[in-house]
Every structure is written in C-alpha cells, then in structure tokens.
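2 protein chains.
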Amino acid sequence: MLSWVDFAVVSLIVQKFGGSSLADADSVKRVARRIVATKAEGHQVVVVVSAMGDTTDELLDLAEQVSPKPPARELDMLLTSGERISMALLAMAISDLGEDARSYTGSQAGLITDSAHGAARIIDVTPGRIAEALNEGAIPIVAGFQGVAQDTKDITTLGRGGSDTTAVALAAALEASVCEIYTDVDGVFSADPRVVPAARKLEFVTYEEMLELAAVGAKVLHLRCVEYARRFDLPIHVRSSFSQREGTYVLSPEAIETAIAEGRAMEQPIISGVAADVNDAKVTVVGVPDEPGRAAAIFRALADAGINVDMIVQNVSAASTGRTDVTFTCPQGSAAKATDALESGSGAIGFESLVIDDQIAKVSLVGAGMRSHPGVSATFFAALAEASINVEMISTSEIRISVVTRVDDAKRAVQALHTAFGLDADGEAVVYGGTGR
Amino acid sequence: MLSWVDFAVVSLIVQKFGGSSLADADSVKRVARRIVATKAEGHQVVVVVSAMGDTTDELLDLAEQVSPKPPARELDMLLTSGERISMALLAMAISDLGEDARSYTGSQAGLITDSAHGAARIIDVTPGRIAEALNEGAIPIVAGFQGVAQDTKDITTLGRGGSDTTAVALAAALEASVCEIYTDVDGVFSADPRVVPAARKLEFVTYEEMLELAAVGAKVLHLRCVEYARRFDLPIHVRSSFSQREGTYVLSPEAIETAIAEGRAMEQPIISGVAADVNDAKVTVVGVPDEPGRAAAIFRALADAGINVDMIVQNVSAASTGRTDVTFTCPQGSAAKATDALESGSGAIGFESLVIDDQIAKVSLVGAGMRSHPGVSATFFAALAEASINVEMISTSEIRISVVTRVDDAKRAVQALHTAFGLDADGEAVVYGGTGR
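From first to last, the protein sequence lines are chains A and C.
Each residue of the first sequence is one higher than the last, beginning at 1 in full-length UniProt numbering.
Each residue of the second sequence is one higher than the last, beginning at 1 in full-length UniProt numbering.
Bound conformation, chain A alone:
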C-alpha cells in the first residue's frame, strides 16, 4: 500500500506527542530520535507536545490542596507549566542528537485565543517565530493545549483534547502536508480491540466519520481537533509512537476518492466502525401532559442548567390519561443536576415522576457508506435481534445508527454488529467503490 502523503518531496510535517508518549526521560529521548529521523528524511518538522505522563493530574491535585475552587485564570497558569517542562526536555534531548531544537510557549508560537479560561477557543494563529525557526533549519517544539488571550494577554488553556487542536491549528496555519498525532494505539480501529479482538485498524476515515466516532465513545481524537482539520482540509495521521507502522488517516471524502482512483488505497468499506459508550444515563420524565410546550419546558430547563442532552424519545400518548413519557440521555455526571433542574421547573412541566437509569450503554455503527446503502438498518437490527439484545432507544444521523441497550449487553452488541458488517479482520469486508454522497 502506498502512503497517503507523498514523502518523496520535501514537506512540512507537524508531529504531536501526547503525555503517554512522554512518560519519563527515556520516552522523551525515544521521541527525540523519532523526530530527528523524520528530519533526516528531508522534511521540515514542527513538534507539539502535551505535558508528561501524570503531570497535569499532579498539578490539579496541588491546586485542590490550596483551594477548593481555584480561579480559572490561575488554574490555566498552573497547568501550562506542564507543557513547558516536556517541551524544554524534548528540545534538550533533540539538541543532544545534534539538531537545533527550540521550544516555544503557546503565546510565543502565536496561538491567540479568546479569554475563556479552561476552554479557550483559538481565534487566530500567527506562527511567525515558528516559521522563522524552520527557515533557520531548527526544529520548533511548541507547547500544546495553551494560548494567550487576545484582549487580556493572559495565559489560556484550550480544554480537553487541546494539544491535538494546537497541532492541527498550527499545521493549518503553516500549510503543513500532514499533522501526525502520536498516541499509544496504532490508529483508529473498527471497534475497541479489548471488546472485539478481531477489530482491525482502519486505513482511513473521513472527517465526518471520525467526528461521529469521537462523539459516540471512540477516544482516539477529540471532536474539536477533527472539526478544525475538516475546516482546513488538513490530513491527520493518527499513529503509535511505539511502532513505525502506518496508522489511520483522517481525510476528506474527495481525498479518499482520489487515492482510490489512483490506486493508492483500497476500496472503502461501507462501515468504518462500531463503538459503545457506557458513560451516559437515561432519564425518564414520567406522566407529562401531552400538550404543546411541555417538551419545550423540559429542554429549556435542561439547557439553562447546562446539561448536554444526547438522545431524546417521546412515547405515544396513552389516550386514557392524555399523558406521555419523555426520555433522554445525558452524561452520568450530569444526571443529578438534570433531575434538580427538572424538579425546580416541575410547575411548568407538570410531570408525575422522574426515573434515572445509569445501567445503559449507547452502541453505535458509523460509516459514510450508509448513505447509499439502505440495507444497513435492516442488517443492524437483525444482528441485535439474533443476539437477543433489547433496544431501548434509537437515534440516527446520515452516517450513524445509535441504540441504547442494557450496559451488560453492550459488549455482545458491539461484537455482533462487528461480525454482521464483515468488519472482523478474518471476515470479508463489505466494500464499495462508488461516491455514495
């Protein structure tokens, strides 16, 4: 198989290494050798790092010891010291191999954000110093996860998945040919290999599929980073820092089509993967009067409380009572807050009772090929029925089917679907070669 990016010509590559790849001094040196090897192949390299291993957790623990509710500005100042340590050490290790490496904070690298401490959004990237370092033949090492607020000039952090987002944003601004995200797994798999031993590494997925996979529990890449890459049509290569194997490319459908047409890639399967998310809870609002405005009152109360509602189902009203049940899912950690919000708003909603159920799983099938293959739903539900798995809620997008099952059934559900769609590594993949869009 040919590579997705033509490495025969000199190109600019952004490489991002996470905390698990930078656990201690030895891993820092291993990563340094990898970076130097990439440069030795003739490429320009920009590196983005997270904090080493458990540094962030240790800093959070310290913060908790001095203050139960630390100000967000100060928490950002504290946490950004983590990348400062890892990037300086990595620069030292690279220098030790004879290359000129220079570390830059988010602020120095031009990561300009809004001032929402703890969850800042990138509003501009001005990597003048990075470009300058590249021109001088150096390897710039940039602190991930952090930036500087445009208005206050305070240090900010980007929140979860922030370092991946830094890498993609820098890659886009520098017009890199690819952003390599190094992690502790080989790439994106058709299912969690701990659940489905026959799961296989995907050669590629579309941005859209990756977004759906990230949303339904695949932990490899964070939503924001994929969204950013899609916006700039920037190829992401998710791969392991512990092996030299190719990982999974995240690309636009057009790039995949072209690669298939040019024989650089195999045909694309209809289905990319199956995932299960066991972190949601199901809340049922029992006995809601079946009148206009009641559902709106429920979801207004939840929105005001900042609850992230995922799936929603409303039963058909019982004619005898004129009442119905409304069921939704939300993160388990928000369930108590959700019921509080509903109790407070119970006057306007007028329900009879609330039932929380955290013994559920959301099982999802994702694949861009679904759009042009109407038989997918039939295969999906047949597979679950054959495995005697009860479906409690259903939700679909153009390229995803999700169902809620008992948490104890989740593993079997994933396995059944993985097999039914021919995703098992020794099975026969269901492929298609058309555009399907």
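Wrong hints could be hidden among the right ones.
Which copy? The list can't say, so a pair holds if one copy fits it or any two copies do.
[Said to hold, decoys possible] Simulated crosslink set (DSSO-like; lysine-lysine; CA at most 27 Å straight-line): (1) 201 to 337; (2) 39 to 69; (3) 219 to 39; (4) 201 to 219.
It is worth saying that the hints were derived from the structure and are not from the lab.
Since the model is a prediction, treat every value here as computed from it, not as a measurement.
Using the hints, position chain C against chain A.
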C-alpha cells in the same frame, strides 16, 4: 523600638517568598494569610515568589537525565516552570481568602533582560500590568528569577539569587517603600548562630556591609540584589516567614544616621558581624622568577580560564634564588581548573611547582565603623593570637578585614572575634554615633 518604615501611611510593599517558605500546600496557604494580613493593614502588596521547595533541583535532575549538556535556552524554559507553579498556587490560596490575586510571569511583569541564558542581567523593568493590577485593588504575584530577552524575546533566568533581585528590581521600578525578603531565618546575624550561639540579630546594616558580608560567606542575601538596592536606595527588610518579628533592615548610611538622629534606632556598633567561608582553596605557585610580568602572566592565565581569584599574596623574594612564591585563593571547585590553566601557561610563567591546599577558611570581620576606628586591626589580631590561631594570608577593604586560617581553626576564630568585639548578645556592644565616613 520604632519600625524603619512608617506603616501608618498607605505604602507599597514588595514581599518576596523563597522556596523554603513555599515547601508545600500548607506553607502556600500560610504565606497567603500573611500577604492578605499585610493588605488588610491598608498597604498595597506586590509578591515575588521562587519555585516551591526542591522543584528546581528536581527539574535539573530531569534535564540531566535527557541530556548531559542541555542548551541554556532550554534549561531556562524548563526551570521557569517552577515559579509558574508556585505563583499560580499562591494566587489560588489568596483568592480563597477573598482577595483578588493575579499571577504574572517575568515577561508579563516587564522584567526585560539581556539574552545571557542562565545568568541574564535585568536591563529594564516595565511593570505596566503590575501597576494596573494594583490600581484595580488586586494583589499581583510575580514569578521571580525569570525575565524575557529584549532582542530574542526568549525566556531567560537571572541565575543564583535571581528571585531576590527580581523583588528588588520590581520594588525600585514601582517606587515601593520597602522590599521584604522572607526567608527561614530571623534576619542578618552578627555571626552564624550555629557557630556562635550568642550571635545576635542585627537591627540594620548598610548596603556596603551587607555586600561585604555576602561576599565573605553570609548566605542571607545575594550580592546582585544588594547592589541593585544600593543603586536605587531601596530599603530591604530581611525577615522570617515563620515569625512576626522584625528582621534586619539593609539601608543607606544616611537613612541609618537619620533614624538614629530621630531616635528611631539605637546607635550603630562599629562592627556588624563575623563570618567564615570554608569553600575556598589556596593555590601556591612556587618558585616564580621575581621579574616584571610574571605575576601578570599568572593572573592572565587564570582570568582567561574564568577563575574567580579572591585573595593574593606574594612573598618577599629570596635573594639567593631570585625566585618568589605567589599564593592566591579561589573557589574549591575552580582549583583544578586553575592548576590546569597554570600548567598550560607554565612556559610564560616559569614556576617550579604548584601546591593546592583546600583545608583553609577565610574568616572576616565586617563593619562600617572600621573606617573611623584605627584600633580595630589591633583588636582583631590580638584576639586571634590569644586563641593561638595562625594567620596565613591577610586582605582588607575599608570596612572589612579577612584572614586565611586552617579550616579547623575557623570556628574558634569566629567565636574569639565575636567576643573580642563585644558582639555576644550578653556582652557590651562597641558603639559609636558619629558619621565615620
């Protein structure tokens, strides 16, 4: 006794806390309470912090693990994460007490330096953001030890004693009424209390005396910070973060005169203190031809090798040989380098042999009153003679007498001098009230 600074009017106080005062979460909270108490008295407070406890050593250890010779730029980037952690935690602890605290890096606080990584010099202080925070009623917490290079915009560190220097430089730029240096001792003592139990805390010393004391082994304040304070005539108050007692003020002679004249201070003793430094070695260059240019060749060779030479003695030439011995002291850590440099230059110097002796101590008496009291030398040497202590080398300044003795005699020498000059806490102090300058 009245305080040196009039705390009845609102004033700006810079408080610097070192690593031993910020060892863990509990000490951070204790320091926070102290700062808030100062503000509650009606003052404006700017805080400067070092890294917590052993953080710097731990970071240096990490650096050593990844590279035997880390680039200075990257070492600075690494080490500056230490203050980032302590200042953010301290700001959190202060916020928890209900005050608005904001942490600032050296760069954000306007500490502009040259680009000599690891030992940068402050070339400008532009504390606009600090002044702004003060005007808004906040307590700014500034990272000590660090700045930003004017030309490269890279992060720099100021080297040893850097946080004290940051505090004094900020205090001068903000026209603070005093810079309080909090440490783990009660102030500057007339001798090391571990050597002389009767040593007493000095009420005040002049900048000049403090410089001499720092140069001869008193570890309380670093030379650079005292030099900076002298240049801007900024009062320093060295005190313990573990007690509420007044410490030692470092002031100009004029400020001390005024305080004495106004009855705000007791009269000043002739002698401030006695100190011993056991970290020097004595190198004797034996059999140097007694001709013009030979001594110059010796000290040129040493200077070229970067050796810091302290005391120098040349024996009277032996008429029979036309040769002489030249003896100098330098830090023990430099002695081997010194002999290497001399061996290399032996052709131009023409000596017979080299003798290194690291079993020496430098014992010093410091006091501004020495200038106007010619009897000091006589008392000094009489005290050593009575204690049967042999003097190997002598060097004097206007306000200091230093001698080299056997290292085993150092403790007795310090005790004898401390008693002879009436410095013992239960003894009678030798005082004077004149200007003496």
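Checked hints:
Within a single copy, residue 201 and residue 337 get their C-alpha atoms no closer than 38 Å, and across copies no closer than 59 Å, so neither meets the 27 Å cut-off. Taking the closest pair of Cα atoms, residue 39 and residue 69 come within 27 Å of each other only across two copies (22 Å); inside a single copy the shortest separation is 45 Å, beyond that limit. Within a single copy, residue 219 and residue 39 get their C-alpha atoms no closer than 29 Å, and across copies no closer than 48 Å, so neither meets the 27 Å cut-off. In this assembly of identical chains, residue 201 and residue 219 lie within 27 Å of each other by CA distance solely inside one copy; the values are 14 Å within and 62 Å between copies.
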